[in-house]
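Chemist: Sequence:
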Amino acid sequence: KLIKGTQTLELSDLGGTILRWRDGERDLFYPHHMIQVGDNTEPRGGMFACFPNFSIPDSSFGLPLHGTLQHEYGSFEHISESECRITFEGSHLTGANAQPVQVETHIKMHDMGFTYTLTARLMDNATQPVFINLGLHPYFPTPQENKQQRFMTHISWAD
Numbered sequence: 396k397l398i399k400g401t402q403t404l405e406l407s408d409l410g411g412t413i414l415r416w417r418d419g420e421r422d423l424f425y426p427h428h429m430i431q432v433g434d435n436t437e438p439r440g441g442m443f444a445c446f447p448n449f450s451i452p453d454s455s456f457g458l459p460l461h462g463t464l465q466h467e468y469g470s471f472e473h474i475s476e477s478e479c480r481i482t483f484e485g486s487h488l489t490g491a492n493a494q495p496v497q498v499e500t501h502i503k504m505h506d507m508g509f510t511y512t513l514t515a516r517l518m519d520n521a522t523q524p525v526f527i528n529l530g531l532h533p534y535f536p537t538p539q540e541n542k543q544q545r546f547m548t549h550i551s552w553a554d
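In the numbering used here, the protein residues as written are 396 to 554.
What the hints contain is simulated information worked out from the structure, not anything from laboratory work. Think of the CB as a built atom: it goes at the ideal place given N, C-alpha and C, for glycine as much as any other residue. One should not assume that every hint holds.
Said to hold, decoys possible - Each pair of labels, with its calculated beta carbon distance range: (1) Arg417 to Gly485: 13 to 21 angstroms; (2) His473 to Pro533: 38 to 46 angstroms; (3) Pro495 to Arg417: 36 to 44 angstroms.
Said to hold, decoys possible - List of simulated lysine to any residue pairs, SDA-like, C-alpha gap at most 25 angstroms: (4) Lys396 to Leu513; (5) Lys396 to Ser477; (6) Lys396 to Asp506; (7) Lys396 to Pro438; (8) Lys399 to Asn528; (9) Lys503 to Leu531; (10) Lys503 to Pro459; (11) Lys396 to Ala515; (12) Lys396 to Asp519; (13) Lys396 to Pro452; (14) Lys399 to Ser455; (15) Lys503 to His427; (16) Lys396 to Arg439; (17) Lys503 to Gln523; (18) Lys503 to Ile430; (19) Lys503 to Gln465; (20) Lys503 to Pro438; (21) Lys399 to Ile430; (22) Lys399 to Ala493; (23) Lys399 to His501; (24) Lys396 to Asn435; (25) Lys399 to Glu472; (26) Lys396 to Ser450.
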């Protein structure tokens, strides 16, 4: 759990998922819960990172919708009351082409929200193509009178 002023983030080391974001008694994300979809139990609510993909790529990559990270447990490190890091490693995270990768989520709360930074680094030069189409999957509660939510994302690529 991270705290900054009246805001709290409840986190899981499963995929670096934000289970709940609150300001006082008000939920800013729809709270995380499980639902039945056909024969499967699937998560809804909160926010999770879609790595290495948001959409479904060509089947040769062997990646599920929204990627592999959401199903992976990471190593959780509390940096301060309002900041943490969760690290994931393994070649299975990149799907069928199995390239060793390290993925780090860094979450830091601020007075007016939080930053969620996802960094991915191939551990060796790739020997096969790696599909990367990152995304975040937040669930916002949306009152009938206001169906628009605004947020900003920034993506930067480094060699």
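Chemist: Run every hint past the structure and note whether it holds.
Modeler: Going down the list of hints, with the structure as the test:
no., hint, result
1, Arg417 to Gly485: 13 to 21 angstroms, "32 angstroms, violated"
2, His473 to Pro533: 38 to 46 angstroms, "23 angstroms, violated"
3, Pro495 to Arg417: 36 to 44 angstroms, "37 angstroms, holds"
4, Lys396 to Leu513, "19 angstroms, holds"
5, Lys396 to Ser477, "8 angstroms, holds"
6, Lys396 to Asp506, "16 angstroms, holds"
7, Lys396 to Pro438, "19 angstroms, holds"
8, Lys399 to Asn528, "31 angstroms, violated"
9, Lys503 to Leu531, "16 angstroms, holds"
10, Lys503 to Pro459, "28 angstroms, violated"
11, Lys396 to Ala515, "24 angstroms, holds"
12, Lys396 to Asp519, "34 angstroms, violated"
13, Lys396 to Pro452, "34 angstroms, violated"
14, Lys399 to Ser455, "44 angstroms, violated"
15, Lys503 to His427, "20 angstroms, holds"
16, Lys396 to Arg439, "19 angstroms, holds"
17, Lys503 to Gln523, "34 angstroms, violated"
18, Lys503 to Ile430, "29 angstroms, violated"
19, Lys503 to Gln465, "19 angstroms, holds"
20, Lys503 to Pro438, "23 angstroms, holds"
21, Lys399 to Ile430, "30 angstroms, violated"
22, Lys399 to Ala493, "39 angstroms, violated"
23, Lys399 to His501, "16 angstroms, holds"
24, Lys396 to Asn435, "28 angstroms, violated"
25, Lys399 to Glu472, "17 angstroms, holds"
26, Lys396 to Ser450, "29 angstroms, violated"
Checked against the numbered hints given earlier, the structure breaks hints 1, 2, 8, 10, 12, 13, 14, 17, 18, 21, 22, 24 and 26 and satisfies all the rest.
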